[in-house]
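Q: Those protein sequences? They're chains U and Y, same order as listed. If you count by our numbering, then the first sequence holds residues 64 to 316, one letter each, in order. If you count by our numbering, then the second sequence holds residues 64 to 316, one letter each, in order.
Keep in mind the hints are simulated off the structure, nothing from the lab. Where a beta carbon is used, it is the ideal one built from N, C-alpha and C, also for glycine. Careful, some of the hints might be misleading.
[As the list claims (entries may be wrong)] Label-pair distances were calculated between CB atoms; the ranges are:
| id | chain 1 | residue 1 | chain 2 | residue 2 | range |
| --- | --- | --- | --- | --- | --- |
| 1 | Y | D228 | U | R144 | 18 to 28 Å |
| 2 | Y | Y189 | U | P220 | 33 to 43 Å |
| 3 | U | E233 | Y | T315 | 27 to 37 Å |
| 4 | U | H301 | Y | V86 | 47 to 57 Å |
The primary structure of each chain is shown beneath.
Protein chains: 2
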Amino acid sequence: MIVNPVINTMIKHKSVRKYKDKVPSDDMIQTIVRAGQQAPFSYQLCSVLLTRNREEIPENAPLLFTFCVDSHRLELVMEHRNWKMIMNDLSLLFFGIIDASLMAENMVIAAASLGLGSCFLGNTPYQAEKIVRRYNLPSRVFPLVQLTVGYPAEELPVRPRFPLDFTLFEDSYPVFGEGEIDEAMRIMDEGYLAQDYYRYYNYMVPLSGKKVEAYNFDNYSWTEHISRKAGQWLRSSHKLLVQLQKCGFKVTS
Amino acid sequence: MIVNPVINTMIKHKSVRKYKDKVPSDDMIQTIVRAGQQAPFSYQLCSVLLTRNREEIPENAPLLFTFCVDSHRLELVMEHRNWKMIMNDLSLLFFGIIDASLMAENMVIAAASLGLGSCFLGNTPYQAEKIVRRYNLPSRVFPLVQLTVGYPAEELPVRPRFPLDFTLFEDSYPVFGEGEIDEAMRIMDEGYLAQDYYRYYNYMVPLSGKKVEAYNFDNYSWTEHISRKAGQWLRSSHKLLVQLQKCGFKVTS
Numbered sequence: 064m065i066v067n068p069v070i071n072t073m074i075k076h077k078s079v080r081k082y083k084d085k086v087p088s089d090d091m092i093q094t095i096v097r098a099g100q101q102a103p104f105s106y107q108l109c110s111v112l113l114t115r116n117r118e119e120i121p122e123n124a125p126l127l128f129t130f131c132v133d134s135h136r137l138e139l140v141m142e143h144r145n146w147k148m149i150m151n152d153l154s155l156l157f158f159g160i161i162d163a164s165l166m167a168e169n170m171v172i173a174a175a176s177l178g179l180g181s182c183f184l185g186n187t188p189y190q191a192e193k194i195v196r197r198y199n200l201p202s203r204v205f206p207l208v209q210l211t212v213g214y215p216a217e218e219l220p221v222r223p224r225f226p227l228d229f230t231l232f233e234d235s236y237p238v239f240g241e242g243e244i245d246e247a248m249r250i251m252d253e254g255y256l257a258q259d260y261y262r263y264y265n266y267m268v269p270l271s272g273k274k275v276e277a278y279n280f281d282n283y284s285w286t287e288h289i290s291r292k293a294g295q296w297l298r299s300s301h302k303l304l305v306q307l308q309k310c311g312f313k314v315t316s
Numbered sequence: 064m065i066v067n068p069v070i071n072t073m074i075k076h077k078s079v080r081k082y083k084d085k086v087p088s089d090d091m092i093q094t095i096v097r098a099g100q101q102a103p104f105s106y107q108l109c110s111v112l113l114t115r116n117r118e119e120i121p122e123n124a125p126l127l128f129t130f131c132v133d134s135h136r137l138e139l140v141m142e143h144r145n146w147k148m149i150m151n152d153l154s155l156l157f158f159g160i161i162d163a164s165l166m167a168e169n170m171v172i173a174a175a176s177l178g179l180g181s182c183f184l185g186n187t188p189y190q191a192e193k194i195v196r197r198y199n200l201p202s203r204v205f206p207l208v209q210l211t212v213g214y215p216a217e218e219l220p221v222r223p224r225f226p227l228d229f230t231l232f233e234d235s236y237p238v239f240g241e242g243e244i245d246e247a248m249r250i251m252d253e254g255y256l257a258q259d260y261y262r263y264y265n266y267m268v269p270l271s272g273k274k275v276e277a278y279n280f281d282n283y284s285w286t287e288h289i290s291r292k293a294g295q296w297l298r299s300s301h302k303l304l305v306q307l308q309k310c311g312f313k314v315t316s
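Sequences are here, hints too, so could you generate the full structure?
A: So this is what it looks like as structure tokens:
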């Protein structure tokens, strides 16, 4: 493993959910967004909303960025050149989600390099209609993901990840043996348990239906947590399709 | 603008399309992927394919990474905990495209910090079936975007971006005035023209139908380029839906 200030900032990064009162400076904000803008892109499809109104920001963070897939702005540019958007919305969203996420990750790491913490809010697409009203978004702008940013008020360990050989595959995707899956799960679960992650945040995904809770903070860990999320929530795409439609995007044709 | 080694690496980044013969070391590759893995994620939905077989890599790069939205691996983990994937594929893809892109951008910047260049290949989703065969991908793994990586064999300037006030909006999305749109377009177009970008790559998007070419490398620039791409290509989502289906993803229900 080679280490330099850039790699070091990345491998030490962890999401922060408790913030100090101190507000990052305008210069910091501009620096972070400019660093975000230089991420490679396909169509510059991302625009960024900011609020410093702490009362409406989760986790009492001083800054909230909202990354949007913005076709509106591109369509205005195209109009000025006598072109019309032809690309279908599904492809546009794929390109736009990538553009927005590349920019967002630059901002996460740029913020970290300035001593700031951050945390993504994954529920953003399901809040699209509310965000549209809050920021007066025109049609063809879709709020994809939000990021709280501020000075961290907690000291956190680096979180575990799947082993490298469970993530990087050279020339051929492997057939996983039982041992490899167990080992990857063990590393994630023992890692999170050793850090008392879920006890610290005092959160377990509740069980739906007739399932009886058999876990506590001594054995509830990452693989159980994500299994409950992906195994219980968002069975239908209806809600997301409705939010996309309200923003003027139609992916099903 | 605050500058430190991290910000500096980001704001100086540009995509590279010509590479030296020299191959990055195993240590570099592992460092870059490890830095990628520490990006924040929702479900660790990204897996990464690598090939060093130069003959099949565009731009004669020594390394080609393919970032995949990998539900297969997550489903195996869930199976080991007696859970089944319930989340609809559209939501899963949204989360997965974000996870994969966050990881990819960390890898771009980590590579840059080690003196390596890189370039995204945006056509990947439309090549999914071919990539599935090449890497023996199981169902429920979707190749999202590819990245060439290697030692740069060209010295390139930093590419222009939209002005900050055309990208970052505090508290309310603006109604753009004609002047602002013109100014943003001017900055992009004059910036790319000053760098002779399209002449250097000797490429203009061809016009379809009866449109007559009225541009040359003295006036063809970024806003015309993206207008032609978004204004002529991918009118139907059919191709992308087919590729998704071939990988076991169904977004329309």
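Q: Confirm or reject each hint.
A: Hints and how they fare:
no.	hint	verdict
1	Y:D228 <-> U:R144: 18 to 28 Å	holds, 21 Å
2	Y:Y189 <-> U:P220: 33 to 43 Å	holds, 41 Å
3	U:E233 <-> Y:T315: 27 to 37 Å	holds, 34 Å
4	U:H301 <-> Y:V86: 47 to 57 Å	holds, 49 Å
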